[in-house]
Structures are given as structure tokens and as C-alpha cells.
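**Student:** Letter by letter, the chains look like this.
Number of protein chains: 4
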Amino acid sequence: MYSIFESDITIRPDDIDMNNHVHNTKYLDYVLAARYDQMVKDYKMPMNEFHSLDFNWVVSISHVEYKRALKLEDKIIVRTQLESVSGAQSKVNFWIVKKSSNKVAAEGYLIYTMISIKTGKPVRIPEEIINRYAI
Amino acid sequence: MYSIFESDITIRPDDIDMNNHVHNTKYLDYVLAARYDQMVKDYKMPMNEFHSLDFNWVVSISHVEYKRALKLEDKIIVRTQLESVSGAQSKVNFWIVKKSSNKVAAEGYLIYTMISIKTGKPVRIPEEIINRYAI
Amino acid sequence: MYSIFESDITIRPDDIDMNNHVHNTKYLDYVLAARYDQMVKDYKMPMNEFHSLDFNWVVSISHVEYKRALKLEDKIIVRTQLESVSGAQSKVNFWIVKKSSNKVAAEGYLIYTMISIKTGKPVRIPEEIINRYAI
Amino acid sequence: MYSIFESDITIRPDDIDMNNHVHNTKYLDYVLAARYDQMVKDYKMPMNEFHSLDFNWVVSISHVEYKRALKLEDKIIVRTQLESVSGAQSKVNFWIVKKSSNKVAAEGYLIYTMISIKTGKPVRIPEEIINRYAI
Numbered sequence: 001m002y003s004i005f006e007s008d009i010t011i012r013p014d015d016i017d018m019n020n021h022v023h024n025t026k027y028l029d030y031v032l033a034a035r036y037d038q039m040v041k042d043y044k045m046p047m048n049e050f051h052s053l054d055f056n057w058v059v060s061i062s063h064v065e066y067k068r069a070l071k072l073e074d075k076i077i078v079r080t081q082l083e084s085v086s087g088a089q090s091k092v093n094f095w096i097v098k099k100s101s102n103k104v105a106a107e108g109y110l111i112y113t114m115i116s117i118k119t120g121k122p123v124r125i126p127e128e129i130i131n132r133y134a135i
Numbered sequence: 001m002y003s004i005f006e007s008d009i010t011i012r013p014d015d016i017d018m019n020n021h022v023h024n025t026k027y028l029d030y031v032l033a034a035r036y037d038q039m040v041k042d043y044k045m046p047m048n049e050f051h052s053l054d055f056n057w058v059v060s061i062s063h064v065e066y067k068r069a070l071k072l073e074d075k076i077i078v079r080t081q082l083e084s085v086s087g088a089q090s091k092v093n094f095w096i097v098k099k100s101s102n103k104v105a106a107e108g109y110l111i112y113t114m115i116s117i118k119t120g121k122p123v124r125i126p127e128e129i130i131n132r133y134a135i
Numbered sequence: 001m002y003s004i005f006e007s008d009i010t011i012r013p014d015d016i017d018m019n020n021h022v023h024n025t026k027y028l029d030y031v032l033a034a035r036y037d038q039m040v041k042d043y044k045m046p047m048n049e050f051h052s053l054d055f056n057w058v059v060s061i062s063h064v065e066y067k068r069a070l071k072l073e074d075k076i077i078v079r080t081q082l083e084s085v086s087g088a089q090s091k092v093n094f095w096i097v098k099k100s101s102n103k104v105a106a107e108g109y110l111i112y113t114m115i116s117i118k119t120g121k122p123v124r125i126p127e128e129i130i131n132r133y134a135i
Numbered sequence: 001m002y003s004i005f006e007s008d009i010t011i012r013p014d015d016i017d018m019n020n021h022v023h024n025t026k027y028l029d030y031v032l033a034a035r036y037d038q039m040v041k042d043y044k045m046p047m048n049e050f051h052s053l054d055f056n057w058v059v060s061i062s063h064v065e066y067k068r069a070l071k072l073e074d075k076i077i078v079r080t081q082l083e084s085v086s087g088a089q090s091k092v093n094f095w096i097v098k099k100s101s102n103k104v105a106a107e108g109y110l111i112y113t114m115i116s117i118k119t120g121k122p123v124r125i126p127e128e129i130i131n132r133y134a135i
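Chains as they are written, first to last, in the numbering used here: chain Y, 1 to 135; chain P, 1 to 135; chain Z, 1 to 135; chain F, 1 to 135.
Hints may be right or wrong, so weigh each one.
Pairs count within a copy or across copies, as identical chains cannot be separated in the list.
[To be verified] Below, computed lysine-lysine pairings styled on DSS-like, alpha-carbon distance capped at 25 Å: (1) Lys67 / Lys118; (2) Lys67 / Lys103; (3) Lys121 / Lys103; (4) Lys118 / Lys98; (5) Lys121 / Lys67; (6) Lys67 / Lys99; (7) Lys75 / Lys41; (8) Lys121 / Lys71; (9) Lys91 / Lys44; (10) Lys121 / Lys98; (11) Lys121 / Lys75; (12) Lys67 / Lys91; (13) Lys118 / Lys41; (14) Lys118 / Lys71; (15) Lys98 / Lys67; (16) Lys99 / Lys121.
Just so you know, these hints were derived from the structure itself, not from any lab.
Everything numeric in this text was worked out from a predicted model, so none of it was measured.
Next up, chain Y with everything else stripped away, as it sits in the complex (with noise of 0.2 Å):
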């Protein structure tokens, strides 16, 4: 069992759309941002880490099941836990959730594949980063 990490986003106004709550594909930005910042604070292991060893993440599949509606006021926390890596991929589950009513506003999941920057192509993610993942 991998750890849950969690960071807080700001919502934007630029995040807001016509119907007056945050844009549905923002979600996505904001798991992004939270994994980013889980990449530096909890696996101690920041993006331009792995693109200095050539690598980089791609997604390949996003899930989200949307619950509740954000609005710019709302507070949010976005959590992310590994569950399992395989091959060049890892899937990664996630849950955004509202501070005031600690409600899960969207889940989901998304399956990133590890490549080559220099090929394009998928690699099978390196035992040692496998490794410091696994916390």
C-alpha cells in the first residue's frame, strides 16, 4: 500500500467558466499541480529530476467522476496515491476535496507512461525509481 500525499490548490478566477463554477478540465490541472508538488515534498524526486536522467511522464488515460461542484471561494485539498506500477506505467488515484465540508468534490484516476525524451517511445520505469516511489 502506497502513501496518500496531499497539497492545497488555489482556485483562480481563470478557472471559472460560463456556468460559474471551476471548469471541468481544470480538475486535471489541479491534480497535476498537486503531483507536482508531491514530486518535490514527498518523493523528493521533482520533475526536472527524472528529465535530467531523459525521462518523462505522459498520461495516457484520465478518469474523472465529478461529484461536486467547486466554486472560486471553495478551499481545496488534492490527494494522490500511487496503486500500482507496471511496465512503463504507473497509475496513480486521485480525490479533490473541499476543506469546509472535507467532501470529495471529483475522483479518479490517471495511468502516466514513462519515455524517452530522446526517443518518444516507452521505457520500463527503473527499479531505483520504482524504489522512491514506494513510500
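Since the structure of chain Y is already known, use the hints to place chains P, Z and F on it.
**Tutor:** What follows is chains P, Z and F alone, placed relative to chain Y:
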């Protein structure tokens, strides 16, 4: 079986992210743009006709499988097809296709929920609307 | 002379463009976020209080001078200062500052026009609001 | 006197903000899209030709005067005109025009600086490029 409709979508420079390809969340914005376009040209029922009936569509689930990166130079078509309608929800499948190769860059589905603008609550999709979409 | 207020703004990965730095239009979104923040914490008059009085602010002129590129890793502060109020318009100067060096990444101004939500027309900024902003 | 070139730009639903019109920063993204389009179709020198010569364009100043709100339904044309070239910089004027009324929704200018990708420093715009733009 519902019809497949298609829209040309133009990739903009601001859609490109630090990986030098179309940012993953923009794919969903392309599908949204295609649906708005098809509501006008194919379903003959633009979004503001829904609004004038106190109806709005919100996204309940989004699911995207990314197959090929999109570059700024790519010309794309977004195809969508209603799969099913049930209660307050409809499921729409989509394919984002590169014109040059006719290959799928991404595919997935969206589950939309019809809500009342006044109450914010889900409402059963009226028979008349189902009929207009049954093409 | 009006006060200078400041807000911490967090750069998100989706703000980074194909040039691998913050996309030029995001600077204006950072200023917008800072103003919303400062309306709450400094002016004690959040945007929805304006809305409840049938007022809204729209941008009439934006002017940005870019001095230094912002990277994803940069920590920034947005400082803003009301310069003048006249008729339906107010002019706000801003500075986006890198925390690490205290150097200005961009500066400029915005001219906002107060409109009536009902009519969409400009309205003279009421004395009471001018007074609340005179800090 | 340099030529005025024009591009059709399509407004997308995700460009609409909480005020139910096109978000103010998107106007600049429309001008960017128009310039990329015109680099290909009018100047016959697409951005990647600049890149292959180690050149890139960055925005040094953006100035926008908003005249009329743009709605999702609006059809627009972006006209741009090179005003002057000097040293490492060029000034480009733009007009965003509603097709239905031929009225200007916004106008302004951008000052671009040519930089070397390798050094990140400004470079004098070569005579050959000035000539290709002198149309």
C-alpha cells in the same frame, strides 16, 4: 444506433504545453467545442435553447485514452456519437482524429447530466429532447 | 497615495507554454487572482459584494511589460496599487516580483470599468466605494 | 507601409469566463494564433523556420484596449499589421473585429523581441528576415 457527427477543430499555440505538444486537458476542450458546434449544425438545438428551457448540461464523468501526441501543425477532426440516454444522463463517445493519417489521437467518452438551472438538480431528459437527439 | 497590497501566487504546470516558461497571458491571470485576493483580505469588499449591488468590473485596457521570464520553479508575489479613480474607471498598477531575487518579472497597469450587471453600461463609481478603496 | 493580414479565429466554449463572455486574456491568444497562421500563409516563414535558425520571438509588451465584449456566438477576424522593426524588436498592431458588424471588439499592439534560443539573449533581426516581412 446514433449518428456520428464531426467538427474540424483548430489547434491554437496557447494549447501547447511544456512538452511541446497539445496539453492533455485541451483534448476535452476540443470535444466540448465539437459538441457545441454539432448542437448547432447537426442537432439543430444550440445550447442556449437548452438554457431557455431552464436546462443545462454538466459533465459527470470524463474518460480520455491518449494514443498519439498532437502537435501545433496537426489538423484534427473531432467525431462524437451519442451512445445512450437514461434518466438525467447521456453518454457520448468521442474520437479525435488526425486528418493527415486518419489515425486516432485520443478517444474516450463523457457522461453528461442534465440539470435544472434554477434548482441545480438533475432532471429527467424530456422525451422531446431525446427525440431530437435520436438522429 | 494608495497602499500597495501583495499576494502570493503559485505558478501551475499548466501555465507553462511551449517556450518552457509561463505563458505571457497568464501574467494577467495572476494579477486578476491577486486583485480578487486583495479585495477580500485588504479592501474587505469581495467581488460578490459588488455583484450584490448590481456592479461588475470589466477590463478596458491591459498593459504588460515583460522583463524576465518566469519558470515553473519561481515563487512570485503580485503587488498592486490603485493609481486613480475617475468616473466609471479605476487604474491599477501592478508588479509581478520574483521572491528569490526581489526583481520585477513584469509590470504594467489595468484600467477597469465599473458596469451595471443589469444594463451592461458603465456606471459612475459611487463615493462609498471610492472611500473603501482609499486605503 | 506594411500589409494588413487577417485570420479567422474560432471562439471556443472554454474561452468563456464567469462573466459569460470571452475572457480578457484570450484576446491575446487569438492574436498569437493569428500571427502563427499569418507566418505560414502570408509571410511564408512559419515559426519552426525561425527555430531552425536558432531564433525565437518573445513578447516584451502587450497592450490591449477592449471595446466590445465577445460572446461565444460571435464570428471574428484578427487583423495584424507590422508597424516597425528596430534592432531586436518589432511592433505589431492588431484589431479583433466582429464579422457580423465589422466593428472592432479590441485593438492594441505587441512588441516582440527576437532572441537566440541558445543564449536566451536578444539578437538584432537579420536583414533577410526584415525583407521577408517587408510585404
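**Student:** For this structure, which hints from the list above don't hold up?
**Tutor:** Hint 13 contradicted; others consistent.
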